[in-house]
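Protein chains in written order, with my numbering: chain A, 1480 to 1831; chain B, 1480 to 1831; chain C, 1480 to 1831; chain D, 1480 to 1831.
Worth double-checking, as some hints may not be accurate.
Pairs involving identical chains hold if they fit within one copy or between any two copies, as the list cannot separate such chains.
Here are the computed lysine-lysine pairs in the DSS-like style, where the Cα-Cα straight-line distance is at most 25 angstroms [claimed, not checked]:
(1) K1610 - K1740
(2) K1586 - K1613
(3) K1586 - K1610
(4) K1686 - K1610
(5) K1653 - K1740
(6) K1632 - K1686
(7) K1826 - K1686
What the hints contain is simulated information worked out from the structure, not anything from laboratory work.
4 protein chains.
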Amino acid sequence: MQDLRIGIIGVGVMGADHAERVVRRISGARLVAVSDPDLPRANALAESLSRPAGIAEQTGAANGSGAIRVIGDPLDLIADAQVDAVIIASPGFAHAEQLMACLEHAKPVLCEKPLTMDTESSLRVVEAEHKLGKQLIQVGFMRRFDPEYAALKELLDSGELGRTLLLHNVHRNKTVPDTFRSEMIVRDSLVHEVDVARWLFDDEIAKITVHAPKPTGLVANGALDPQFAILEMASGAIADVEVFVNFQVGYEVRCEAVAEKGSATIGLGVDVLTKRAGQWGGVVPEDYRARFGTAYDIEVQRWVDATRRGEIDGPSAWDGYAAAAVCTAGIQSLQEGRPVEVEMARKSEVLG
Amino acid sequence: MQDLRIGIIGVGVMGADHAERVVRRISGARLVAVSDPDLPRANALAESLSRPAGIAEQTGAANGSGAIRVIGDPLDLIADAQVDAVIIASPGFAHAEQLMACLEHAKPVLCEKPLTMDTESSLRVVEAEHKLGKQLIQVGFMRRFDPEYAALKELLDSGELGRTLLLHNVHRNKTVPDTFRSEMIVRDSLVHEVDVARWLFDDEIAKITVHAPKPTGLVANGALDPQFAILEMASGAIADVEVFVNFQVGYEVRCEAVAEKGSATIGLGVDVLTKRAGQWGGVVPEDYRARFGTAYDIEVQRWVDATRRGEIDGPSAWDGYAAAAVCTAGIQSLQEGRPVEVEMARKSEVLG
Amino acid sequence: MQDLRIGIIGVGVMGADHAERVVRRISGARLVAVSDPDLPRANALAESLSRPAGIAEQTGAANGSGAIRVIGDPLDLIADAQVDAVIIASPGFAHAEQLMACLEHAKPVLCEKPLTMDTESSLRVVEAEHKLGKQLIQVGFMRRFDPEYAALKELLDSGELGRTLLLHNVHRNKTVPDTFRSEMIVRDSLVHEVDVARWLFDDEIAKITVHAPKPTGLVANGALDPQFAILEMASGAIADVEVFVNFQVGYEVRCEAVAEKGSATIGLGVDVLTKRAGQWGGVVPEDYRARFGTAYDIEVQRWVDATRRGEIDGPSAWDGYAAAAVCTAGIQSLQEGRPVEVEMARKSEVLG
Amino acid sequence: MQDLRIGIIGVGVMGADHAERVVRRISGARLVAVSDPDLPRANALAESLSRPAGIAEQTGAANGSGAIRVIGDPLDLIADAQVDAVIIASPGFAHAEQLMACLEHAKPVLCEKPLTMDTESSLRVVEAEHKLGKQLIQVGFMRRFDPEYAALKELLDSGELGRTLLLHNVHRNKTVPDTFRSEMIVRDSLVHEVDVARWLFDDEIAKITVHAPKPTGLVANGALDPQFAILEMASGAIADVEVFVNFQVGYEVRCEAVAEKGSATIGLGVDVLTKRAGQWGGVVPEDYRARFGTAYDIEVQRWVDATRRGEIDGPSAWDGYAAAAVCTAGIQSLQEGRPVEVEMARKSEVLG
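Just chain A, with the same shape it has in the complex (with noise of 0.2 angstroms):
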């Protein structure tokens, strides 16, 4: 089967982010053709992302076996025979017409929040997209994906704490631009812990309150921040949010689930936290796969990468025989009961 050829519109941070992510750490796809209305921009972020992993400057052969190309229309992106399917990272203003284009064209697209900036067209995309009978797009509501808010979500479909009666959330960044006014706090920032709510809950929202608290002084845009939203599912369930996007602090993000026979917490850097049962706790992997999965995932990545380039870039033979040697020592303790020296080599006399 073919790599899914990849094009990406809009390459600020996050657009930026998943290109380099398609090229260094996806498998199975390669990125074909960016566009963004900052051409310089997308012209070196091609050009560095056509050189491999890790090289700074060369000349020669790009990553993948063309180079990427720059379109300057988005819409000539989304039509181009080259571009298998789309990743929309554009402004939220001009979703609405190239989501559209996207399913004109009967391209797949993962489009990131928000889907557009109103409701109405929201619901037009919706029902362009059902009128073509197949569905074509993603929103990039990429909480449903991460392990934690993964495992609480599992946790909580389980049963075994019973009904989930409160959720608790809390979503801070460091600190915002000063373009990031008192809407888009909504529309940007708690719209993350409203799909949250929904897919946790499995439950539409019925009602919302944002509340407004004397804001922090230390944002200039007199924007309302910290938010504190409550929303209220259909079901009776409440959901409150505290968003505050001028933390100062750094970025936190936390869900906290209460249910009938206990709660759940993920953010707090140790996976999901439980309590149950006069029980706080977490659950101790089974083998190195859960501790250490991502770092055989990076020494593999990081192999592949060094070997393409024709390096090494990670432990030597000679540290698989230094290590040899004090196990050969180490054995002899346990048998004799008394330290041993190490006998090996000097790396100098080998190495040269």
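Let chain A serve as the given structure and place chains B, C and D on it in line with the hints.
Positioned in the frame of chain A, the structure of chains B, C and D alone reads:
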């Protein structure tokens, strides 16, 4: 640039894990061949990985431009012209011969630890590679690639905590097979911490003492488990290691470095926990990339996999529409200072 | 100075707890009288606390210079000339009359919350005390005395985190009796966080909203449990409170303060957990007093109690001898750089 | 029963701490005498503790029925007829003579560690007490009284985790005076873990190895710091101890017990952290007593102290009234499903 064509020798737990990694998650590489004395196992793995991710049964096209071959003799795999690079995940006693073959054919190789079973054969491998004048061998000391260990190394090397004085290591497995005996605890388990100590101290180990306290009663084969090792570095620093391979609880690996002006611990589930200047704690990430980087990788990999199958595997346009409706009501609530009902079309009316 | 002679009204769970506290752990006070409508309960308590700590049965002397009297009518207890001060732990509906009696007799009183059952009677108590020209009443909002809450208050008042913007509170009980109904969740549970919000913000509450999400199925009496309250302060700050009195898991109280430059949370079991300037964490104590202060208090209290009974209740001289023998060997090991056997007399030979 | 009349020998840091403890927080005891070679220090302490708590300057009555006497010769203090029991907090070299005097006068004594400075003199003390036929000496191994250590002991003794195999101990001080040399690290610091190992294993120590890694550069006096000790128990179990008395960061004491079916760690700030059967975590308390027991003790002790001074030192009647007003509005909000304004009298109008 062409994808790196990889052959894997040994498809037990570790090798099968690497095979799936290369096929499903590593960019720039293809798995083209596997070899294992257990032929049915090798065939089953090759077949299952030749199907697109998430497809249980399918007759047609393989993932990548060709199927994964099963090659009976590992030396044939190494010699095969279609194999650019080799991953060795066979039992340790087979490593020496396979590594020598890799060197002979000038194939880059990622070799699971141990390099070989004894000091002498390891030295011969080092010398053979040195004679080639080019490093081809990387040893699978994967802790160096774990983000927590890497952050610990960076912190210690920064000198911020002063000179490192002590390392306390804990290495625990839930259980091991009965064939896992006292010497293997040293050679296959302790060996990881041997490399950790050499790497973190950037120094060789001069003396080793392996203590065998009265063993757990929960191991049938008479193995001396747990073991407690003292590694004395050439510089005079000390690392201690508890290895306990029948801990019953699960998998646990920790490392605490004690330095002149503070300590740093990993393996607690909260990245690097430091103590310095009257404070304990860790780092709050700057932005979403540290917190949700893996979630984005999973989102895009699953979207690519689903798209190649012609499917959607994530939040739909409807989810985007529902979020837009809630946010619109939320902005109204914020502006009017009161609860607002969410107005939405019925899903059944729109999607039929 | 004479010990303070205390009378306690109400010896249910809370009152009995206070009684034991005064007798066993409080310096400078004696319990001289208790009163409770349940006379057998009052008698049993008075008798058990008149015996020295740790003695189950004893005929003779009481703890302190006299036995604890049981007085039927709480107003008689208040009026009693031998009672210097009163602790009220009776049901809330009895508080108003008992407080007025304390004021009448000019007796200092520590009154468990709530002060009284409604706003009007509470105001009358305040006015009556004000007319006396001397404060005699302290209300049992004990969180102000919790070391974690006190440290949080001190941190917020220091201004280090900027102005406090939000408080998130959680207040959970394992279960409550069937008699505990919806209004009591407000008046007896939420009331603690009402005081916490007033105290931490140093401000009055201007508006309150109590949300009742769909209740847990694990409560028989139809109580609206959990509840979620929003307290809007006069200054515009907001405190939210989850109260859940049938949480099943156990007892849990938390408070997170969100300020302009960081956050601080208590109730996680690690004192005050702060987030500021890119760091999360807490304080490492300067010396043993913060870590082991309570241990020393317990050691000395148990030594005093045992000594008054003519006994030993801790490490003996033999334990001191054994430690000396080990340390002597340890110093030799340190000096000679080798393991040293510990030489000790046999316990049976020395102690017979 | 009369209060126990206590004399304290040595009022350095530890002795002064004990003195304050006896006077301010211990029930059933009075401090009647102190002795110290530094007479001005002893006089200052006696004077300050003869005043009620919280009163900086006062001419009149002492706390308790008499002032605290200063007795020059510690042996006179021991012999004094007004002293029922003795706390020895003098330097270790003075302990042997003072303990013998306590035995001679049949005075119960709580002696700070070490019992004496060497094995022989310790044995003589043990034998002298044994000859008396009555235990009078308790040694200040206070960790046995720490709630965390006590809970760890209880867990290990329960057999729930199987047999204990290993203890990992960490004992760190911020800094120590220059007079604190290598041997004192063993005799005054390590001695605590020597007792911990004997107590938790309920076994004697058969062999000890004290490793001295290359020492920290941040100690001027050439002391071997940190040290790392291996204690081999008679039964074959092993305890290891890091002692680091110039850690710079602060005070830290930890103990991890590794048993056949799990591990338990204290000193992390979260009581006993256990790992067993695939889970890590701890216990959620049943009710408020475990969480807020200390807060209640402090509340009542401060109320007693303030009441004896004729003052209030906590939430006032006004605080009770304000809480009542908020709760009344809260109940109305709960019943009517809407925000409710809080109606309260103005403080200035009521309290003038």
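Hints, one by one, checked against the model:
1. K1610 - K1740: neither (44 angstroms within a copy, 50 angstroms between copies)
2. K1586 - K1613: within (11 angstroms within a copy, 47 angstroms between copies)
3. K1586 - K1610: within (15 angstroms within a copy, 54 angstroms between copies)
4. K1686 - K1610: neither (30 angstroms within a copy, 49 angstroms between copies)
5. K1653 - K1740: between (35 angstroms within a copy, 10 angstroms between copies)
6. K1632 - K1686: Cα proximity of K1632 and K1686: one copy only (23 angstroms, versus 35 angstroms across).
7. K1826 - K1686: Intra 71 angstroms, inter 17 angstroms, cutoff 25 angstroms: inter-copy only.
Taken one by one, the earlier hints fail for this structure at numbers 1, 4, listed in ascending order.
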